[in-house]
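S.K.: These protein sequence lines map, in sequence, to chains G and H. If you read the first sequence in this note's numbering, its first letter stands for residue 4, the second for the next number, and so on. If you read the second sequence in this note's numbering, its first letter stands for residue 7, the second for the next number, and so on.
Hints were generated in silico from the structure; no laboratory data involved. Misleading hints may appear alongside valid ones.
[Unchecked claim] List time: in silico BS3-like cross-link candidates among lysine-lysine, alpha-carbon distance up to 30 angstroms:
no.	chain 1	residue 1	chain 2	residue 2
1	H	K73	G	K65
2	H	K8	G	K47
3	H	K76	G	K81
4	H	K62	G	K18
5	G	K65	H	K62
6	H	K111	H	K48
7	G	K86	H	K62
8	H	K114	H	K62
9	G	K14	H	K62
10	G	K14	H	K48
11	G	K14	H	K73
12	H	K73	G	K18
13	G	K65	H	K8
14	G	K86	G	K65
15	G	K65	G	K47
16	G	K65	G	K81
17	G	K81	G	K47
18	G	K81	H	K73
19	G	K74	G	K14
20	G	K81	H	K111
21	H	K48	G	K47
In this text the structure is predicted, and so the values were computed from the model without any measurement.
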Amino acid sequence: EAGVAQSPRYKIIEKRQSVAFWCNPISGHATLYWYQQILGQGPKLLIQFQNNGVVDDSQLPKDRFSAERLKGVDSTLKIQPAKLEDSAVYLCASSPNRGDNEQFFGPGTRLTVL
Amino acid sequence: QKEVEQDPGPLSVPEGAIVSLNCTYSNSAFQYFMWYRQYSRKGPELLMYTYSSGNKEDGRFTAQVDKSSKYISLFIRDSQPSDSATYLCAMRGLGAGSYQLTFGKGTKLSVIP
Chain G
4 EAGVAQSPRY KIIEKRQSVA FWCNPISGHA TLYWYQQILG QGPKLLIQFQ NNGVVDDSQL
64 PKDRFSAERL KGVDSTLKIQ PAKLEDSAVY LCASSPNRGD NEQFFGPGTR LTVL
Chain H
7 QKEVEQDPGP LSVPEGAIVS LNCTYSNSAF QYFMWYRQYS RKGPELLMYT YSSGNKEDGR
67 FTAQVDKSSK YISLFIRDSQ PSDSATYLCA MRGLGAGSYQ LTFGKGTKLS VIP
């Protein structure tokens, strides 16, 4: 079974630039999550999708972050404009259903904002 | 006070030692308690989870939950160099509206051959 795929693996941008991350979840998984993991911290949920609908985006900074999951499969997370404090690893995870304790994580995209 | 507290370490032990990793929490609504392992430059992977209080064993790993003290533990017996990783505790409540996982900061463990 193929795991969660993410790209790019690394990205370096300057502040005020925009950036986009892509995630392809495990086939058949209805629930998709985007997390932000700042160095030395645990993952923090940014947004959760159930199929192509948003079920939780309470911690997403909506003035600069956006995400979509068209067709209920792969997903894109965008930051525009980026700030220095956005430097982090952005993890995508998926699970068969909401409420599953086991979430399957991708390798993450390491973002550095200069 | 953060909802979940976890000592970030680092923790360094010799091969074969018993390792104890711990988290405390403040939200009494948490019912599911998980331990994830994260290798360097990788995403977290679930080791095991428990529901409510009690113990659960899986091979060399034992998870304990004491809800009265709001304290959870992960024990690793006969630790191996391959156990070197960051261990994240995570927890959530029960039912719709409580599915979001709250993670600790993670404890970085090194097992020295």
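S.K.: Which numbered hints turn out to be false for this structure?
M.R.: Hints 1, 3, 4, 5, 7, 9, 11, 12, 18 not satisfied by this model.
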